[in-house]
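Counted the way this note's numbering counts, the sequence shown spans residues 22 to 492.
Bear in mind the hints are in silico, worked out from the structure with no lab data behind them.
Take the hints with a grain of salt, since some may be wrong.
[To be verified] Pairwise CB distance ranges, derived in the manner of DEER restraints:
id	residue 1	residue 2	range
1	Ser318	Met157	37 to 43 Å
2	Pro163	Ser318	17 to 23 Å
3	Gln297	Gly457	19 to 25 Å
4	Pro235	Ser131	28 to 34 Å
5	Arg136	Pro198	17 to 23 Å
6	Ser314	Gly69	37 to 43 Å
7	Arg238	Pro198	42 to 48 Å
Every residue, glycine too, gets a C-beta built ideally from N, C-alpha and C.
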Amino acid sequence: MAAPTAHGPAPSDGAGTGGPAAGGPAGKGGRNGKGGRNGKGPLRTALGGLTTRGRSFLAAGLAAALCAYVLGQAELLRVGILLAVLPLVCVLVLHRTRHRVSGSRRLSPSRVPARAEARVHLRIDNVSRLRTGLLMLQDRVPYVLGPRPRFVLDRIEPGGRREVSYRVRSDLRGRYPLGPLQLRLTDPFGMCELTRSFSSFDTLTVVPPVEPLPPVRLAGETSGYGEGRRRALALAGDDDVIPRGYRHGDDLRRVHWRSTARYGELMVRREEQPRQARCTVLLDTRAAGWAGSGPDSPFEWAVAGAASVVMHLLERGYSVRLLTDAGTAAPGPAGGFGADSSDTAGLLLDLLAVVEHSNEPGLSKAYDALRGSHTGTEGLLVAFLGGLDEEQAVTVGRMCRRSQRAVAFVAGPGGTATGAAAGSGSGSGSGEAALGVLREAGWTALRGGPGTGLAQLWQEADNSTLKGLDR
Numbered sequence: 022m023a024a025p026t027a028h029g030p031a032p033s034d035g036a037g038t039g040g041p042a043a044g045g046p047a048g049k050g051g052r053n054g055k056g057g058r059n060g061k062g063p064l065r066t067a068l069g070g071l072t073t074r075g076r077s078f079l080a081a082g083l084a085a086a087l088c089a090y091v092l093g094q095a096e097l098l099r100v101g102i103l104l105a106v107l108p109l110v111c112v113l114v115l116h117r118t119r120h121r122v123s124g125s126r127r128l129s130p131s132r133v134p135a136r137a138e139a140r141v142h143l144r145i146d147n148v149s150r151l152r153t154g155l156l157m158l159q160d161r162v163p164y165v166l167g168p169r170p171r172f173v174l175d176r177i178e179p180g181g182r183r184e185v186s187y188r189v190r191s192d193l194r195g196r197y198p199l200g201p202l203q204l205r206l207t208d209p210f211g212m213c214e215l216t217r218s219f220s221s222f223d224t225l226t227v228v229p230p231v232e233p234l235p236p237v238r239l240a241g242e243t244s245g246y247g248e249g250r251r252r253a254l255a256l257a258g259d260d261d262v263i264p265r266g267y268r269h270g271d272d273l274r275r276v277h278w279r280s281t282a283r284y285g286e287l288m289v290r291r292e293e294q295p296r297q298a299r300c301t302v303l304l305d306t307r308a309a310g311w312a313g314s315g316p317d318s319p320f321e322w323a324v325a326g327a328a329s330v331v332m333h334l335l336e337r338g339y340s341v342r343l344l345t346d347a348g349t350a351a352p353g354p355a356g357g358f359g360a361d362s363s364d365t366a367g368l369l370l371d372l373l374a375v376v377e378h379s380n381e382p383g384l385s386k387a388y389d390a391l392r393g394s395h396t397g398t399e400g401l402l403v404a405f406l407g408g409l410d411e412e413q414a415v416t417v418g419r420m421c422r423r424s425q426r427a428v429a430f431v432a433g434p435g436g437t438a439t440g441a442a443a444g445s446g447s448g449s450g451s452g453e454a455a456l457g458v459l460r461e462a463g464w465t466a467l468r469g470g471p472g473t474g475l476a477q478l479w480q481e482a483d484n485s486t487l488k489g490l491d492r
């Protein structure tokens, strides 16, 4: 992660994911309330904030006072009292300081692809009538996002504010909490240091990286609502039109005069109701089907591939849903297809950001979910699969019966491009056997994995589908 950058006072746009939290260091209304941290009294908490320097001064003063009492040295006693009183005075002054500040956090953006950077903006406002002292600002972030950022803020005038920002980056997808924001207040001599935490948290969502895919005709435009669908309706004659009765507000240009004369009442042409193309993306998450872990593992390649296909098809107007080997589907309460593409894209990316391995022994639940669907044909079916034995390959082969086109990318053990190139052991043979079973069942099955571009495989799958149709 790059080093944090600090900025001076700047206006804020007011948009933020974390609301202000009042009650800064030694201020009223803080997170710890009247009892202080861990239920201790405020003064006792302040004494617990003595630094190493403060404790050393206090210990040296007490030792000098004891020696002066034993040896009867009045001058040494004065020195001991001075050394012991100085840190106590700093504690008392810092404890009596009633600074009140508020803090907020804003993420830009709040959803970021893996290996991309997001900027976190922090804002501190002085809501008291007193000028603050020197403040140290610290934000708590998970270790995968980088080191914990720290800033030193100048004294903030009454009603003033300071803004700082830092960048975070993660190679691993997931949801990461940011916060709480912490402020540290110290005295000029460095004898005492008090820390207060705000109560607000924010969440940074790191989604799988999305690879642009070339436009292809895997599912065929005529089954959706593209040019082929409109052309088919345009070629329909008057005899193919199914009219309905006139309703108040209907456009008179849609009046179907032949039906009006036949039925003796005003009839209009029905509005064009194009059928939206659908796609189901199947993601195999079985732990037994994948080898390795980390951002460059085959499973992460499959998750990123599923995200790329989802975004590509949503941009082309498809209605998309995500199905896992456990039989769970999204979006919709019953696994139905999403209607709003923007909402569906955000929901599916959030789900793919946190998807993990499952303990399912096979893909039978996914097959049951497809077979029990009440939406008719599934349209296009795209699957990202791990290692398959003969039984699981047969189960997956039966899934394509409910789809118009079925494309599978096998990236599990024995099915990855690197594993196939090595050609060692029974893994490569079992991977080839699984591909053969899927192809015989009607799938367009290709091998994939880390180091293989999904855009190239996507184009190859389209070419293989077109060749199959020509036959």
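Checked hints:
no. : hint                           : in the structure
1   : Ser318 with Met157: 37 to 43 Å : 40 Å, holds
2   : Pro163 with Ser318: 17 to 23 Å : 20 Å, holds
3   : Gln297 with Gly457: 19 to 25 Å : 34 Å, violated
4   : Pro235 with Ser131: 28 to 34 Å : 30 Å, holds
5   : Arg136 with Pro198: 17 to 23 Å : 20 Å, holds
6   : Ser314 with Gly69: 37 to 43 Å  : 42 Å, holds
7   : Arg238 with Pro198: 42 to 48 Å : 44 Å, holds
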